[in-house]
Amino acid sequence: MGFRKKQMLGFGLILLFLAILLSFMLVMLNDLKSSMTEIVENRYEKVQASMEIRQLFSRSDREILFAANDANKEERAESLEIINENHSLIESKIAGLSGSLQRVKAKQLLKEFETQYASYSITEAEIIQKIKSGNSSDDLSNLMDDQREKRKKVISTMDEFKDYQEGVMKDTLSNSKQTYEDMIGFVIFAVILSILVISVTVVWMIRSTSKDLQSITKVIKNIDFKNLSVVPRIPVRTTDEIGDIARSFNDMAESLEAYNRKEKDFTDKISEQNWIQTRVADIATMYQRIVDVEVLADRFITRLAPMMGASIGAFYLKRGKGEDMRFVKLASFAGDGEDSGRREFRMGEGLIGQCALEKKSKVIDDIPEDFHLVTTGLGEVNPKSIVIAPVVFEDEVVAMVELASLEAFTKLQKHFLNQVLDTLGITINNVEGRMEIERLLQESQAQTEELQAQSEELQSQSEEMQAQSEELQTQAEELRMINEQLEERNRETEEKSKELQVAKQNLEKQAEELKLSSKYKSEFMANMSHELRTPLNSILILSEMLSDPNDSKLTEEQQEFARVINSSGQDLLTLINDILDLSKVEVGKLEVVFDEMNMSELPELLHRNFDHVAKKKNIDFIIEKDKNVPDIFFTDEQRFQQILKNLLSNAFKFTEKGSVSVQIKKADEENVAQWIQTKGASNWIEIKVKDTGIGISKEKQKLIFEAFQQGDGATMRKYGGTGLGLSICREFAKLLGGWVIVDSEEGQGSTFTLFIPSMPEGFKNVGEAIAASPEVAAANHDEPAAPFDSHVEPDVLIMDGINQNMAKPFCNKTVLVVDDDHRNIFALKNALKHEGMEILTAENGYECLELLEKGNDIDVILMDIMMPGMDGYETMTRIREQSKFENLPIIALTAKAMKGDREKCLKAGASDYVSKPLKLDQLLSVLRVWLTN
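In the numbering used here, the protein residues as written are 5 to 937.
Hints in this document: simulated from the structure, not taken from any laboratory. Among the hints, erroneous ones may be present.
[What the hints assert, rightly or not] Pairwise CB distance ranges, derived in the manner of DEER restraints:
1) 627 - 372: 42 to 48 angstroms
2) 179 - 17: 32 to 38 angstroms
3) 604 - 511: 51 to 57 angstroms
4) 627 - 347: 40 to 46 angstroms
5) 888 - 826: 26 to 32 angstroms
6) 178 - 206: 38 to 44 angstroms
7) 266 - 306: 35 to 41 angstroms
8) 266 - 313: 26 to 32 angstroms
9) 170 - 201: 43 to 49 angstroms
10) 427 - 332: 20 to 26 angstroms
11) 268 - 355: 35 to 41 angstroms
12) 174 - 27: 29 to 35 angstroms
13) 226 - 273: 28 to 34 angstroms
[As the list claims (entries may be wrong)] Here are the simulated DSS-like pairs of lysine-lysine, each with C-alpha atoms no more than 27 angstroms apart in a straight line:
14) 888 - 923
15) 738 - 702
16) 273 - 109
17) 364 - 333
18) 166 - 222
19) 154 - 134
20) 157 - 174
21) 704 - 629
22) 704 - 661
23) 631 - 325
24) 115 - 181
25) 858 - 817
26) 631 - 649
27) 631 - 669
28) 706 - 657
29) 181 - 97
30) 115 - 136
31) 322 - 174
32) 266 - 418
Think of the CB as a built atom: it goes at the ideal place given N, C-alpha and C, for glycine as much as any other residue.
Model the full assembly from the supplied sequences, consistent with the hints where possible.
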């Protein structure tokens, strides 16, 4: 029989006896519970109820006696009320007892009590009636006697009922005790019997399994717990549970052997960690009381190299900042004069400089055979391994350590080096801080000594002043006379001060008027932009349509006239923008945004925009850029390119033959300093624009930078222009922190030199962000166009390429033009009708809303912003409030083009935004996008 079956049989017998014992105990406990419930919940409650009835009865009896003999009228009424309440309570309790009684005798006694209490209640009611009616004491006395007789009977019956219930409760309690004693005797017998059965079963189980267990015990005793690398195995002879134990023991033995191996590995790691911590603590102790960084470097490399098993080492510390930053060797171990490594290096120079730049350690094991660095008395030895490691403090490399060894560095040594370098950066910072404090302390001591000498000198001077004080006293009288004269003058001064105060108030008033005048001027400039651009919009659109050789029905001469009109309109638009730019510069509200630009792309950009001009005039165009010019430069790219455009445009305009050249190089800061302050810039560049044109005379070289002035300014001048280009160049250069100078001789050509700083943090002298005033922002669109004209519009070309495979997107499309200017309506109507579109027009927002309500099938809306009655903003808002027009494309058009208009239009509900004067290609591209979408 298997061990499992033996256990099942033995424990089955035990459980059987326990189940029988438990069953008998539950039966007896249930009887005991019933008896106790009878006592507590039944008999006790009945006895308690009878006691409460008797107490209520006795209280009512007392109240009757009190009401009949001693009470006044108010007390009598209160007593009668108590009697009635007690009567109700007694009847309710009698009813409760009647429902809970089960024994016949108890019911008979309660019935007898009810009858007697009813008779007593009748007599009690008569007494109460007599008391209320105030009858004679004789009648009342007779009733009271009768009441006493009946009360005795009631009390006697109630006592008999209570005694009967108490007797029943005592009998029940006696039965419960007997049941308890019987249960105790049975439990004792059952326990003794269970012990005997269990003992016999256990002895049988032990004898049957002891033989196998003894063999297991013998193997376990032979285990050497001090050496668990080899654990003996138990031979498996059976397939029962004992056999399972043997197999499990064998598995455990294998686990113990594996654990023992892991424990040895862990012990080795702990030993290595202790080795590291001991040496780290040794070096940390060495840091104490070191106040010089060179001493620290020497002691550190001297202590570290032997610990690392290195044969040679060097310690480099960072010196300087910015471009002057370098790492200098402060100490070495087993060095050989100048031959033991470099004296200094910069960030990124060589392998050690690259490690400093990347902030990473590097270990070199593959070292060439001809690399001899370690020297002995007998000669030079080739190292087997080199380690280069940075010392980092607050994410900045402050020092570099390089070690070389005749043996390869172990993993433990590398880990130890990382641990040491983690704290070395803090130590270097602390030592340098202490050196700085010591330097300041020495300066303070020197100043203290100097102050002490000055104090002694002041003391001697004080003695001299004491002597002079006597002389001053004699002069005091003279001063008193002078003071009287000064008081008279002070009164005169006060009167003049009042006059100055009045003058100051007048100046402040004039300043306010000047500020208001400047505001009116700004508003005038913005409105002038709108009024000039509105008619110019129609001129440019219609002239562009007429000059199209493919669609126009005009003669070639008439088309040329249209092209001249369009070109003149473009020149007029450029003039308007130049005037408004210059106006904003004058009031100091032109927006300047400093950001990085790629200087390596500048030559290609200049060639792309001016090669065709040079080719047309048959002159050479040369661009030279030095290699030391930084690729990344921080400035306002738009203003920077505008300056170059103006300078090159002037050079080509005044050059009939020869060449125009551009030279870009890094400027010498000392040379720049003679023209402008150079503080705050990381570096400067110098751009020379040189031509072989007519040149400028000396007396006119200052005049050309003034607005509306030209070198050729006579009424019979040969060259056109407004004279604003160079003025704008110099003002833009000033805003960018630079300057423009000219060097020229009449008839020999001119050289304009632009000095521009790289400002990563912006130009703080004029503020980091000079916000453009909305009143003067008319010339700058929210999306500024590139300063160099692009002859190819990529977006338009992409759309045209797509549309080659599609039908015309404008055919059978309906556009609603909303504009209060009939000239613009006429121009747009003809231009769009030419594309095959159906045109609806409205002169204000109200007419627009009416046309939409009529249910016209409108595909897109061109919305002017400035209109009488209801402007474009309110009209777009009302359209978007209607869910059926939620996806209707609305393109906002405006000639004022104030800063922030784009965001304001989009917020009001516009799908896109185009500023006037419109470019027909641009407008058609926008329409094509929204109509195809």
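Hint-by-hint comparison with the structure:
1. 627 - 372: 42 to 48 angstroms: Since the Cβ atoms of residue 627 and residue 372 sit about 46 angstroms apart, the hinted range of 42 to 48 angstroms holds.
2. 179 - 17: 32 to 38 angstroms: Hint holds: Cβ distance 36 angstroms, inside 32 to 38 angstroms.
3. 604 - 511: 51 to 57 angstroms: Holds, since residue 604 and residue 511 (Cβ atoms, about 53 angstroms apart) stay within the stated range.
4. 627 - 347: 40 to 46 angstroms: holds, 41 angstroms
5. 888 - 826: 26 to 32 angstroms: holds, 30 angstroms
6. 178 - 206: 38 to 44 angstroms: holds, 42 angstroms
7. 266 - 306: 35 to 41 angstroms: For residue 306 against residue 266, whose Cβ atoms are near 39 angstroms apart, the range 35 to 41 angstroms holds.
8. 266 - 313: 26 to 32 angstroms: holds, 29 angstroms
9. 170 - 201: 43 to 49 angstroms: Given about 47 angstroms between the Cβ atoms, the range holds.
10. 427 - 332: 20 to 26 angstroms: holds, 22 angstroms
11. 268 - 355: 35 to 41 angstroms: Since residue 268 and residue 355 have Cβ atoms about 39 angstroms apart, the given range 35 to 41 angstroms holds.
12. 174 - 27: 29 to 35 angstroms: The hint (29 to 35 angstroms, Cβ to Cβ) holds, given that residue 174 and residue 27 are roughly 31 angstroms apart.
13. 226 - 273: 28 to 34 angstroms: holds, 32 angstroms
14. 888 - 923: Violated, at about 31 angstroms.
15. 738 - 702: holds, 23 angstroms
16. 273 - 109: violated, 94 angstroms
17. 364 - 333: Judged against 27 angstroms, a Cα distance of about 19 angstroms means the pair holds.
18. 166 - 222: Not satisfied, since the Cα-Cα distance of roughly 78 angstroms exceeds 27 angstroms.
19. 154 - 134: holds, 18 angstroms
20. 157 - 174: holds, 26 angstroms
21. 704 - 629: Violated - the C-alpha atoms of residue 629 and residue 704 are around 30 angstroms apart, more than 27 angstroms.
22. 704 - 661: It holds: about 23 angstroms lies between the C-alpha atoms, which stays within 27 angstroms.
23. 631 - 325: Given pair residue 631, residue 325 holds - Cα atoms ~24 angstroms apart, limit 27 angstroms.
24. 115 - 181: violated, 33 angstroms
25. 858 - 817: holds, 17 angstroms
26. 631 - 649: holds, 23 angstroms
27. 631 - 669: Holds: residue 631 and residue 669 sit about 8 angstroms apart, inside 27 angstroms.
28. 706 - 657: holds, 20 angstroms
29. 181 - 97: violated, 32 angstroms
30. 115 - 136: The hint is violated at about 31 angstroms.
31. 322 - 174: Violated: residue 322 and residue 174 sit about 105 angstroms apart, past 27 angstroms.
32. 266 - 418: holds, 23 angstroms
The structure is inconsistent with the numbered hints 14, 16, 18, 21, 24, 29, 30 and 31, although it conforms to all the rest.
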